[in-house]
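Visitor: Here the structure of chain B is known, so what remains is to put chain H in place on it, guided by the hints.
Residues per chain, in single letters:
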Amino acid sequence: MARKMLIDGELEKTNDAESHYDFDLFVIGAGSGGVRASRFSAQNGAKVAICELPFHPISSEVIGGVGGTHEEPGLDWCVIRGCVPKKILVYGASFGPELEDARNYGWDVNAKIDFNWKKLLQKKTDEINRLNGIYKRLLSGAGVKLFEGEGRVIGPNEVEVIQLDGTKISYSAKHILIATGSRAQRLPIPGQELGITSDEALSLEELPKHAVILGGGYIAVEFASIWRGMGTKVDLFYRKDLPLRGFDDEMREVVAKNLEGRGIKLHPGANLKELSKTEGGVKVLSDHGEEIVADVVLFATGRAPNSKRLNMEAVGVELDKAGAIKVNQYSQTNVPSIWAIGDVTNRMNLTPVALMEGTCFAVRYPEILALTSMFVSVVMSDYNTVFGGKPMAPDYSNIACAVFCIPPLSVVGLSEQEAVEKAKGDVLIFTSTFNPMKNTISGRQEKTMMKLVVDAETDKVLGASMCGPDAAEIMQGIAIALKCGATKAQFDSTVGIHPSAAEEFVTMRSVTRRVSAGTAKPRTNL
Amino acid sequence: MAATRVMASAGNAVSTPQSLNLCFKNGRLLTQKKRLFFVNNNSSKKLMLSVVHSFPCAHRSCRFTTTVRAESTNGSEPSANYDFDLFTIGAGSGGVRASRFAANFGAKVAVCELPFATVSSDSAGGVGGTCVLRGCVPKKLLVYASKFSHEFEESGGFGWSYDAEPKHDWSTLIANKNAELQRLVGIYKNILKNSGAMLLEGRGKIVDPHTVDINGKLYSAKNILIAVGGRPFIPDIPGSEYAIDSDAALDLPSKPKKIAIVGGGYIAVEFAGIFNGLKSGVHVFIRQKKLLRGFDEEVRDFLGEQMSLRGINIHSEETPQAIVKSSDGLLSLKTNKGTVDGFTHVMFATGRKPNTKNLGLEAVGVNLSINGAIEVDEFSRTSVPSIWAVGDVTDRINLTPVALMEGGALAKTLFANEPTKPDHSAVPCAVFSQPPIGQVGLTEDQAVKEYGDIDVYTSNFRPLKATLSGLPDRVFMKLIVCAKTNKVIGLHMCGEESAEIVQGFAIAVKAGLTKADFDATIGIHPTAAEEFVTMRTPTRKIRSAPSEGKSDSDAKAAAGV
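Residue numbers (the UniProt record's numbering), protein chains in the order written: chain B, 1 to 526; chain H, 1 to 561.
Chain B with its partners taken away, still in its complex shape (with noise of 0.2 Å):
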C-alpha cells in the first residue's frame, strides 16, 4: 500500500505546483460534519471556508415559502433541529411522568399544575441561539471563513455561493465537501400538506391536544413520547408491527409496551391515506377506515439526503437510488476534488458518525492537499507512524445509539437476529427484566430490559441493548467493551455498582437461550 501512495504521490507533484485555488478546502453546509471537518482541517494547516444559510429556527417552508433559496439554513441540524431540542424537549416531558412518580414518595402535587409550552419554546430558542454563537466562534476562532448563503457546486473545483439579496459569487478550492444533511419527508398522500415534519414540531406555536403521529422510527416514537409527557392525546401509526425496525425485535416490543403503558394510542400495521381540513383541525383518515381529528399531522416517515439543489449531476458526482451521495470508504465521491459526510451519503446517520467522518477527512488532510489522488488511503502507514494509529477510514462497527422515548432505548453491537444471521457458531442470549428501584415505591408499571448476545464459542459479547431510564448514559462505557470485543467473562469479573439499574449487564449469571445459527427463524420484517 505503501508503495502505491508513493507512486501516485509523484504524479501529483506536478498538480501540487500549481496551488491557485482561492481555498485549499470549501465545506458546503455547516452542520455538525461538515463544522467537524473545516475547523479540524483548519487547525492542520489548511485555507478553509464554509458556507451554510442563515439561522433560523424555524424551517424553510415557513420562512423562505415555496421558490424559497433556503434548503438547509441554519448552522447545525443537530444543533437546531434535531438531537439538542428533542432532547430539550424529552427533558420537558419527563417531568409530566415524574410528578406522577413523586405522589407515593409523599409529595403533594394535588395542587394545580402548569406546563406553559410557549415557555419551553422560547427558552429552547434561547439556547439553541447560544450554542448557534457558539458554533460560529468555534468556526471563527479555528480561522474558518464563514460565507453566507446556499452553496452548490459549479465545477470540480468550483463552488457557488448564492447570497441572501440573489448575487453569486463563486470560488475555486483544491477540495470541496460537501455536508448539507438530510430533511424530512412526507408522504406523498392527499392532503400532505396539512402534515407538519420534525423540523416544525419542534417549534409549534401551541402545544396540540390531539396529535396523530405517522411512522414507526425513532423520530416518531421519540414525539410520541415528548407530547404524550406533556399531556397530548397521542395516536401513533405505524406500517409494520411493531416501532423501530431495525432494532432487537424483543426490544421493539418493550418499546410498544412502555409507549402504550404510558397512555400512547398504538395503531401497529396502519397507514394514513388522507388527510382533510375540519373545524376542529386535520381530519386523518387511516386504511383501515379510522377517522381521527386531529390538530397536529406529524410525517415521521424518514428523511432524504439534500442532494437536489447541488447541482450534483453537472459535474459527474454519483448519487444512488434514494439520493445519497455516493462515497468510497474515505468518503471521497467519483469526482476525485469533491468528499461528502454526513447523512448527505446515508451511511449511518447519527451526528456522532458525522463527527467521526468529519475528523476522519480532517486528520488527513496534510495528505489530501498533498495527493489530490483518488489513492490518498495509501498514505495511511505513513499517517499511522505519525498520529499515533489512528485508522483513517471511518469504522463503523459497534457504533451505539439511543433512542430518546420515554423510557429511552439504546443499543450497541448486534441484534439477537442479526447476530443468529451472521453467526457461524451458537449464540447465547442473555435478558434482564425487572422491575427498577424507583417503580417499587411510585407504583409505575414499567419494567426495565436489558440484553446481552454473545458468541457462544468465543465468549465475544456482540451486542447490548437496554430499554429503562437512563439507557443512553449506561450504554456508552458498555460501547468501549464491544468496540474492543470484550468477551463475557470480562462483563462477569467487573463488580457492580450497587444499586443501580446498570449492574444488572455484569450480573447476567444464566443463560436464557441458546439459539444455533440458520436454525433459528429470526423474527425480522415485524
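For the record, the hints were derived by calculation from the structure and aren't laboratory data. Among the clues, some could well be false.
Stated by the list, open to error - Straight-line alpha carbon distances no greater than 27 Å define the calculated DSS-like cross-link-like pairs of lysine-lysine that follow:
1) B:Lys-447 <-> H:Lys-334
2) H:Lys-167 <-> B:Lys-438
3) H:Lys-484 <-> H:Lys-412
4) H:Lys-167 <-> B:Lys-119
5) B:Lys-447 <-> H:Lys-140
6) B:Lys-168 <-> B:Lys-209
7) B:Lys-112 <-> H:Lys-255
8) H:Lys-541 <-> B:Lys-460
9) B:Lys-118 <-> B:Lys-233
10) B:Lys-112 <-> H:Lys-167
11) B:Lys-112 <-> H:Lys-412
12) B:Lys-460 <-> H:Lys-279
13) H:Lys-257 <-> H:Lys-279
14) B:Lys-438 <-> B:Lys-257
15) B:Lys-460 <-> H:Lys-487
16) H:Lys-189 <-> B:Lys-438
17) B:Lys-257 <-> B:Lys-119
Stated by the list, open to error - A short list of chain H residues far from chain B (calculated; beta carbon distances all over 10 Å):
18) Phe-116
19) Thr-172
20) Asn-194
21) Lys-217
22) Thr-339
23) Asn-371
24) Asp-377
25) Pro-401
26) Met-405
27) Leu-464
28) Asp-517
29) Ile-542
A quick note: this is a predicted structure, and the numbers were derived from the prediction, not measured. Heads up, the beta-carbon is just placed ideally off N, CA and C, and yes, glycines get one too.
Guide: Only chain H this time, still in chain B's reference frame:
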C-alpha cells in the same frame, strides 16, 4: 472504601496488589506466618490449602506465593460427622450469597440471623442485612424521594409551574419504604429457602472451630462462615446519647427540621443530600478540609461546591466536642470552633465497625485486626482453618457487590472444587450524594504514586438540562491515563446519573483498555457519558522526571486530532 485500596508496589512480588495489601494491612506483615501449611484433619475428604510465604517479607520485596489444592473435597458429599457442611452466621448480602451458592453446589447449609428491626443492635438485625434493611436500598429510596424537589425546581425552566410549592409528607414515604423493605425481606427468605439452606433465627456464637451456639442449642459444621457485617459507630462525647446513627436516620418518626450531620464520608454526604432535598436545614461538620477522604481530590472539591450550591452548610475542620440539649428540646452542637444551635437532630456518620464482639472469636483463636475486623487470607479464610469470613466484618472493601463476590467465591472454593479468590482490583463504586459520584480505579494521587507518569483529562461542564433549568448544576469528569501504557487507570465522575454511567466504563477499566480504545468509541449523542469518549486534550501531564520539553508539542498534536 476507596481509601483502603492503597496499592503497594513490591519489587519482586508474584502476587496481585490485593494480596500484598492484605499482607501489609495494619502493618502486621508477618501475621500470616502461622498459617503456613495446615491441613484440615477433621475429615478424610479434606481441603488442603497451603500458603507459602518466602520470607523475609519486607516492604521492598515481598514474595507471596499461594497454592491452593482441593483434593476431592466436593462438599456436596455428606459429611457424617457434622450437622452441616456450612454454617453461616449472618444473612446479609455476603452470607446469603455464600449460603445459596453452597446449597446449589449440594452442600448442607444453615444460616442464622437475628430478628428483624430497622435499627441494628446486638440482638436485632434481619434477613437481608445492612444493604437491604439499613443501607443501599432504603438509602436509595430516600434519595429518590428527595431528588424530586430538585426536579420541581428544574421543571420551572422547562415550562412547568405549581400553584403551591409541593409539600413532602415524611410518614407516607417511611411507610412505603418499610412496606418495600418487608417485601424484600420476604424475597430474601424465599431465595434462601428455595436454595435449600436452613434459616435459623437467633444470635450465633462460635463455641469451637466446628460448633455454633444459637439460643443455647449447639450445631456442628464442617465450615463456619462469619458474615455478620458492621454497625455504625458513634464516638463517646458528652451528649452522644442524643445523637442518632444512620440506622435511626433511615427510620425517623418525623422529618428533621434542622439536622447536624457529623462526618465527611459517603454516608454523611448521602444523608446530607437526602435531608436537604426533603427541605430540612442541613449542616455537615467535618474534621478535614474536604468531604470524602480517599476520593479523588478534584471530585472532593467539586462535590463540596455542588452541595453548598444546593443549600447545604458545610463546616470544615470543625470537630464536635459535645451535644447539649436545651430546655426547648433542641440540640446544640459544640465544636472546637464554636456552637451551632437549634438542631432537632444530630446524626453521627462517623464510621462503621465490624460486628465482631461477643461472637466467641477470640476464644477459638480467630485473629482480629486492631479495629476489630476479622483477618482473612485471599480465600477469605481466617486463622482458624474451618472458619471463614466475608463482607464488611473483614473490612476489605465494604460494598455489597464485593461481599457478594467474596461469598460467591467462597462457595466455589469450598463446594465446587474450584478455589477462587475474590478479585478486589478495579472495583467501581458510587456515592449517592446529590449530585452522585461514580468512580473506578485509582485517584490521581494514587496513580501518581503507583505509575509516576500519567496524563489527566478533565471536563467540567454545564449539562444541557441545567442550561434550561437555570440551576447552577454542573458535571465533572476525569480520566487518568498511564503515560507509558496508555491504559485508563482511573475514571471519576460527579454529576447526574454518575453511578449508572460508570458501570459500563468499569468493564473497560477492568479489562485494561487504553485511552485509544476510549477514543475509538463513538459517542451516544446527546448524553453526558459521551464526554468520556471525546476527551481529546490532556488537562495536564504529570511526569516524575522532567522530560525534554516534549509535553507541549504532544499536547498540540493531541489537540489537532
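Visitor: Holds or violated: Lys-118 (chain B) with Lys-233 (chain B), Cα cutoff 27 Å?
Guide: The hint holds at about 18 Å.
Visitor: Are the Cα atoms of Lys-257 (chain H) and Lys-279 (chain H) separated by 27 Å or less?
Guide: 8 Å, holds
Visitor: Holds or violated: is the Cβ of Pro-401 (chain H) farther than 10 Å from all Cβ atoms of chain B?
Guide: Given a closest Cβ separation of 4 Å, the condition is violated.
Visitor: Below or equal to 27 Å on CA atoms is what counts here, so check Lys-484 (chain H) against Lys-412 (chain H).
Guide: 37 Å, violated
Visitor: Tell me if the straight-line CA distance from Lys-168 (chain B) to Lys-209 (chain B) falls inside 27 Å.
Guide: The given pair, whose Cα atoms are some 45 Å apart, is violated under the 27 Å limit.
Visitor: Since Thr-172 (chain H) was said not to touch the interface, does its Cβ keep a gap of more than 10 Å from each Cβ of chain B?
Guide: 4 Å, violated
Visitor: Would the non-interface assignment of Asp-517 (chain H) survive a Cβ cutoff of 10 Å against chain B?
Guide: 5 Å, violated
Visitor: Does Lys-140 (chain H) sit within 27 Å of Lys-447 (chain B), going by the straight-line distance between their CA atoms?
Guide: It holds: about 18 Å lies between the C-alpha atoms, which stays within 27 Å.
Visitor: Are the Cα positions of Lys-447 (chain B) and Lys-334 (chain H) separated by 27 Å at most?
Guide: Violated, because 49 Å separates the two Cα atoms, which is more than 27 Å.
Visitor: Take the C-alpha atoms of Lys-112 (chain B) and Lys-412 (chain H), compute the straight-line distance between them, and say whether it is at most 27 Å.
Guide: Not satisfied, since the Cα-Cα distance of roughly 58 Å exceeds 27 Å.
Visitor: Closest CB-CB distance from Asp-377 (chain H) to chain B, is it above 10 Å?
Guide: Holds, since 20 Å exceeds 10 Å.
Visitor: Should the label of Thr-339 (chain H) as a non-interface residue stand, given a Cβ cut-off of 10 Å to chain B?
Guide: The assertion about Thr-339 (chain H) holds, with a minimum of 33 Å to chain B.
Hints 1, 3, 6, 8, 11, 12, 17, 19, 25, 26, 27 and 28 from the list above are not met by this structure, while the remaining hints are.
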